[in-house]
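Got chain A; can you put chains B, C, D, E and F with the ligands on it based on the hints?
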Amino acid sequence: MRKLLIPAVVAGAAAFGLLGTAAAQEAVAPVASDASVYVFNTTLFLISGMVVMFMAAGFCMLEVGLVRSKNAATICVKNIALYSIAGIMVWLLGYNLIYGVSEGGLFGKIGVWGADDSDALGTGYAASSDWYFQMVFVATAASIVSGTVAERIKLFPFLIFVAVLTGVIYPIQASWEWGGGYLDARWSFSDFAGSTLVHSTGGWAALAGAIVLGARKGKYEGGQVSPMPGSSLPLATLGTFILWLGWFGFNGGSQLALGSISDAQSVANIFVNTNMAACAGVVTALILTQLRFGKVDLTIVLNGAIGGLVAITAEPLTPSIGQAVLIGAVGGVIVTFAIPLLDKLKIDDVVGAIPAHLFCGIWGTLIVPWTNSDANFVGQLVGVVMIGVFVFVVSFALWTLLKVTMGIRASEDVENLGLDKSELGLEAYPEFAS
Amino acid sequence: MRKLLIPAVVAGAAAFGLLGTAAAQEAVAPVASDASVYVFNTTLFLISGMVVMFMAAGFCMLEVGLVRSKNAATICVKNIALYSIAGIMVWLLGYNLIYGVSEGGLFGKIGVWGADDSDALGTGYAASSDWYFQMVFVATAASIVSGTVAERIKLFPFLIFVAVLTGVIYPIQASWEWGGGYLDARWSFSDFAGSTLVHSTGGWAALAGAIVLGARKGKYEGGQVSPMPGSSLPLATLGTFILWLGWFGFNGGSQLALGSISDAQSVANIFVNTNMAACAGVVTALILTQLRFGKVDLTIVLNGAIGGLVAITAEPLTPSIGQAVLIGAVGGVIVTFAIPLLDKLKIDDVVGAIPAHLFCGIWGTLIVPWTNSDANFVGQLVGVVMIGVFVFVVSFALWTLLKVTMGIRASEDVENLGLDKSELGLEAYPEFAS
Amino acid sequence: MRKLLIPAVVAGAAAFGLLGTAAAQEAVAPVASDASVYVFNTTLFLISGMVVMFMAAGFCMLEVGLVRSKNAATICVKNIALYSIAGIMVWLLGYNLIYGVSEGGLFGKIGVWGADDSDALGTGYAASSDWYFQMVFVATAASIVSGTVAERIKLFPFLIFVAVLTGVIYPIQASWEWGGGYLDARWSFSDFAGSTLVHSTGGWAALAGAIVLGARKGKYEGGQVSPMPGSSLPLATLGTFILWLGWFGFNGGSQLALGSISDAQSVANIFVNTNMAACAGVVTALILTQLRFGKVDLTIVLNGAIGGLVAITAEPLTPSIGQAVLIGAVGGVIVTFAIPLLDKLKIDDVVGAIPAHLFCGIWGTLIVPWTNSDANFVGQLVGVVMIGVFVFVVSFALWTLLKVTMGIRASEDVENLGLDKSELGLEAYPEFAS
Amino acid sequence: MKFIIAVIKPQKLDEVRQALTGLGVEGMTVTEVKGFGRQKGHTEVYRGAEYKVDFMPKVKLEVAANDDQVTAIVDAIRNAAQTGRIGDGKVFVLGLEDIVRVRTGETGAAAI
Amino acid sequence: MKFIIAVIKPQKLDEVRQALTGLGVEGMTVTEVKGFGRQKGHTEVYRGAEYKVDFMPKVKLEVAANDDQVTAIVDAIRNAAQTGRIGDGKVFVLGLEDIVRVRTGETGAAAI
Amino acid sequence: MKFIIAVIKPQKLDEVRQALTGLGVEGMTVTEVKGFGRQKGHTEVYRGAEYKVDFMPKVKLEVAANDDQVTAIVDAIRNAAQTGRIGDGKVFVLGLEDIVRVRTGETGAAAI
Ligand SMILES: Nc1ncnc2c1ncn2[C@@H]1O[C@H](COP(=O)(O)OP(=O)(O)O)[C@@H](O)[C@H]1O
Ligand SMILES: Nc1ncnc2c1ncn2[C@@H]1O[C@H](COP(=O)(O)OP(=O)(O)O)[C@@H](O)[C@H]1O
Ligand SMILES: Nc1ncnc2c1ncn2[C@@H]1O[C@H](COP(=O)(O)OP(=O)(O)O)[C@@H](O)[C@H]1O
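Chains as they are written, first to last, in our numbering: chain A, 1 to 434; chain B, 1001 to 1434; chain C, 2001 to 2434; chain D, 3001 to 3112; chain E, 4001 to 4112; chain F, 5001 to 5112.
Excised from the complex, chain A in its bound form:
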């Protein structure tokens, strides 16, 4: 059987004696009914949201695989807790801060969110499906922070930070763009799926945390960098594959509509560009680590996939495949060089979230004008800087506040013994690990 649609349809139709009706279709006008458009849009949000939700598992596995086993259970607690807290905070505060903002405004409404489907056809999708989709994005930003500050941060201060990040910090900056606020109205800033709004935001918060928190004990002692190898690279790889999968929903769903032929084409193009950027990130990191270190470094290759994905996230629609490949490849270059660089600066980023999410997020945002004429370099720069300054400064202040009040750093003994045994009183792998 030819694996092309038309014959298949005919065959299929014929098999059910529907050939007539199938032919009859030609008559119908090429627009879907409003009801269908509504359902398509809602379905896009729900299915995309599901795979983005699953990214929480991806981040968890990536982190759990890249930390030492004595801290693996704590990573699990942090990741399932942060996703849960994000959901609650976006409900209580976040959503209305993002979308309650006035045109060109800087600060949205304060208030609990509730679904309003009164003007169904007006909005064109179920309110809850949109909320769900936005919520999982917020959770993503929190996951990014978790990886960077792993293996030395205390559980509860971290969770408090997550609550503020997901309930206030992320929503405020997101409102400037996705809420139609200042950056959107004044600078026609463009960030399709969130290279800056989601990934850099997570990255800036992570960077602030890494600085306030300091490096893991022994990481930079004796003026040299002591690697602390991840305890399960297979789980880290699984996590990366899950993230890759989720990214189709992350970028594809950000088209926000699926009900028309043009929207369907856009979503499809986004899928392809998203995939190709990741492929390029992987291959680039693979070749570069071989050339630079004489050996392929799996962990950097995994970061390369994420770097490519983050880079394409600001504009996955307008690039040609070739351009997407290039944008992703640069992402691979960035992670390969930025990871050792951070170590030189004694910034201890356990999973490489800062290079992959922050640096590649900036790169992806700044390159948008190359393929999308609606965006301009100045506007992009303003957006990157304004959001960066806001998120970094507020996060830094918050981390510092937590540090001086309750303390954010686990004691040296706790760090030696591992957070699992000391904070949770259990072991992630009681029968195996050293």
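Honestly, the hints are just simulated from the structure, not real lab data.
Note that this is a predicted model, so its numbers are computed, not measured.
Some hints here could point you the wrong way.
[As the list claims (entries may be wrong)] Capping the alpha-carbon separation at 30 Å, the derived lysine-lysine pairs in DSS-like fashion look like this:
(1) A:Lys219 - B:Lys1295
(2) C:Lys2109 - C:Lys2217
(3) E:Lys4052 - F:Lys5040
(4) C:Lys2295 - D:Lys3052
(5) B:Lys1346 - B:Lys1403
(6) F:Lys5040 - F:Lys5052
(7) F:Lys5034 - E:Lys4034
(8) E:Lys4040 - B:Lys1346
(9) A:Lys295 - C:Lys2295
(10) C:Lys2295 - C:Lys2344
(11) C:Lys2219 - C:Lys2109
(12) D:Lys3034 - F:Lys5034
Chains B, C, D, E and F with the ligands alone, transformed into the frame defined by chain A:
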């Protein structure tokens, strides 16, 4: 770019010079064509079914992570086998027992199922898509049992129990409600997605098994409880995330229709409530374990997520988000207190399936009238009791029968050495474990 | 609540006072608008493509679980790299080689692919969605090879082979059938979703590799077979579940259309048959290993699931459930007997890819005429042989070329120490493994 | 002083530890080991191929003790570790010239 | 010649190794062990059930040395491994009758 | 009687075991250990940072034997474990005062 639908659509449409047609849509009546409705409904079943099917992997990982490594491979065999057996039994017997029941009846038809799409528009979905969706639900109930009786049950007796559970026990009680039988007709019992029909049913069967089987050797010796820590909490966490993901299909798909604006809204609201109940379960368990035990217990937090999900499953549509959060939070409370309680009763439930699935299932079912006026407390109670008694008694009898005939309990030596080495002759982690 | 559609719809509709419109639907003609059909088809490709993409993770976990830990990280590198390379090669060469072929031709066009949506209604789906769906299929074939040659092949020669396989070998043979080339036009060969085109192709390439490469050191020394147990059977099981999940997209998406009632029914029937064949493969392998070896062998049971899935892939639509069960069961028989057989022939297939993908692929292809009258045995045989000879010969030549030029086999020391430490300079489980 | 090394079956570790604590032994060091001995490993089948499992999992116990305690300790281990079935293990007694307690620097008997 | 066995806290391994290397010790063998001693394990709660952790993770170091080096080595271990807190571990000194270096066949002191 | 401790390269374990069985040795105990010695570890790069791997994976073999067997056993280990390359390992011979077979209570030579 504003991240709101309308502008996006316009932009998209404009970009493809379809603005006219896009506008034209306003004219069309807001109902989808029957064909579209049919495809939407079928797609809902298929996609929901896929993620529910994936829950089999989630249960497998959760269990494999919570047992000792010497029994991990056996858990894998059990989980992939039980899913397979469920599929075959639902085909041979189950489906027609559920849906062959007469209005208000107690016992359906005996007979192999085959797809009948003769009256396509009448049913409104592809017969096979519905069968697929129902089948994966049955498998879920079997997975629940597996976790409770782990680490000491013999493989084949367990698989025989699964065959009867999925082919006969589950279908009979499900027919009373979802088949439009006795409980539905006589008591207007309401269980939207199966807190009682699926989760409590699995839980009752598990409880009967745990009693007949007895506790793992050494678990309750010397009048004290000896914990047997799970061998891989990261895998247990992964499993929980997979279950959470699957639950969107589990509850969302149970709307059974997606073809209209109202159905799309319902599915979306279900997604949000399902998610929020789980979030609440996690946060509640996290705080309670910290308060009660002085340390956050990851394994109970994971149970908390499931407890919240099970609790909302009986009615994920009508609650407001606030109500959903409360319903899920109580789920978190239940698991935190019920887990040690079962140990006091010397009921050895390896993964905590009884608190999470049985107790939270009862809670979720009884609270339905709070948010859904079509249900009443008496009816709910009758359903819970009637199904509970039926499933528990029959399961208890079956376990006992298996015990006296072929024996269900592995010998003490086998238990010492681990089921993997003795029953399968291999090790789950030959290079690591002790 | 009855869990049947109609009442649910009414209820739902009623709840939103849409009963009128819901009833009104009856009036509408039972065909979807072209726009809806277009979106449905595109969505089918995208969602199916996503889960098939995720199969890359499934293969990775299956392999990582079945190799010794000292080679696990290398498996991860290979799997994420091969998926990435496949994407790039299908873009640069593959797609146009497959679909640029002339009617009845043998060799397609050379050229980079780019999306062409000019004749949207003509094609009936977004070009990129189709490309995406085809691309992930190609990646699957490459994953198959990886498992067979694991634990002894050098990284870069393998990646070069993958580039040629995905860019040239696979596309050429695929064009003969799915491109409407020679086998399709001349022999009405039928391979619905690729038992031969995807799985046997991967299997033949793997077989050639295994022969040219030779067995792992110590595997067949002293005239006896020395098992080398997989290091993490839970991960291998997870991988199998992921593959099973992906297969619904693999076979279901191959219907290539979802926009009509008949297509929706077809996809649903495919889901059920796909699932039942896998169930049968599992149960058969479980029983047979118990009978033959006196113990259930989890690893063969996992292969049984895959064997059943591969077997049904050539024709998942036309068989009745009973026939699907039989076709899958034979898959389970094949793997159980072929695995030891390959060992007798001293062909070292680390994960059992050759029995599951090659042998079961042949079986599935040859049995098509039993359920599909459009196919005939001769045509099937010609297809199996022609593709087999082509892929095996070209692969064998390529492996040999790589062997004599750069060498494909890791040195004995490297093999002793493990590829991870020697080729990557790291360990997959630095804290656990021996 | 003597350095007593015992190789026993893993499931007997707890009983042995309790027996020794009963004797007033205040410390011991435990290692997971693989044992090869008269208790010939069994044959297993993996993916259809038979193979012999030569090494059995055992636990090694090291206890430093004063000469006067040795017999008591050895007997205690024997009684607690014995199942009567092949593979029960062995106790080895080696001479021990000196002990130092790291924390205090005490040496000899005082450091036990 | 003597065979020195030291049981220390895991996090002290690096310091001890460096101390020994400083003394010119060219080789040692390290094993992960579990220790039972005065440093009573603490109680933990798992899924609501309390239990005592009796065994603490320790590292065992084996060093063969010439008689004249023994005191230096023992002291070096003591100083490097000491935290002053209970559980620091012990050093055992056993007699060693002979050594053979597999690679060369050298025996006695030359093989150390 | 003697207590022979051999530290060898992991991949040599099988050959050594067979060699010893050939001599009629009926039991031995094996432990996975990490070795530090002349065979200096190599430097690795992980995420761009260089680091030295000091410890090499080794296998430790413990065999109790009668005096008359010792030389044969030591030679057998040497021959089987030797690759001629640095890191082949060592054999240590310690005095052994007594053995008890847990199962039977036999002591001395009879318990070997
Ligand atoms: N000569 C020996 N040297 C060192 N360890 C030994 C020796 N003989 C036996 N062992 C250890 O004792 C364990 C039990 O010995 P085995 O001969 O199997 O049973 P039994 O002690 O009951 O005769 C072996 O697995 C091995 O670890
Ligand atoms: N009699 C002994 N024989 C063998 N090992 C011992 C003995 N006593 C202590 N150890 C080892 O030394 C470790 C530390 O001893 P412990 O009594 O806990 O603290 P301290 O040495 O500071 O008194 C123990 O965990 C155990 O591994
Ligand atoms: N003095 C020693 N005490 C204990 N073990 C030692 C000693 N010297 C070497 N070893 C062990 O022997 C192994 C091999 O020794 P090494 O010096 O690396 O090579 P070679 O034995 O060929 O000179 C080391 O890895 C270590 O485990």
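Each hint tested on the structure:
1. A:Lys219 - B:Lys1295: The hint holds at about 28 Å.
2. C:Lys2109 - C:Lys2217: violated (43 Å)
3. E:Lys4052 - F:Lys5040: violated (41 Å)
4. C:Lys2295 - D:Lys3052: holds (15 Å)
5. B:Lys1346 - B:Lys1403: With Cα atoms ~19 Å apart, Lys1346 of chain B and Lys1403 of chain B stay inside 30 Å; holds.
6. F:Lys5040 - F:Lys5052: holds (9 Å)
7. F:Lys5034 - E:Lys4034: It holds: about 16 Å lies between the C-alpha atoms, which stays within 30 Å.
8. E:Lys4040 - B:Lys1346: Measuring from Cα to Cα gives roughly 28 Å; hence the hint holds.
9. A:Lys295 - C:Lys2295: Status violated; Cα separation ~42 Å.
10. C:Lys2295 - C:Lys2344: The hint holds at about 20 Å.
11. C:Lys2219 - C:Lys2109: violated (44 Å)
12. D:Lys3034 - F:Lys5034: Holds, at about 16 Å.
The structure fails to meet hints 2, 3, 9 and 11 from the earlier list, while all remaining hints are met.
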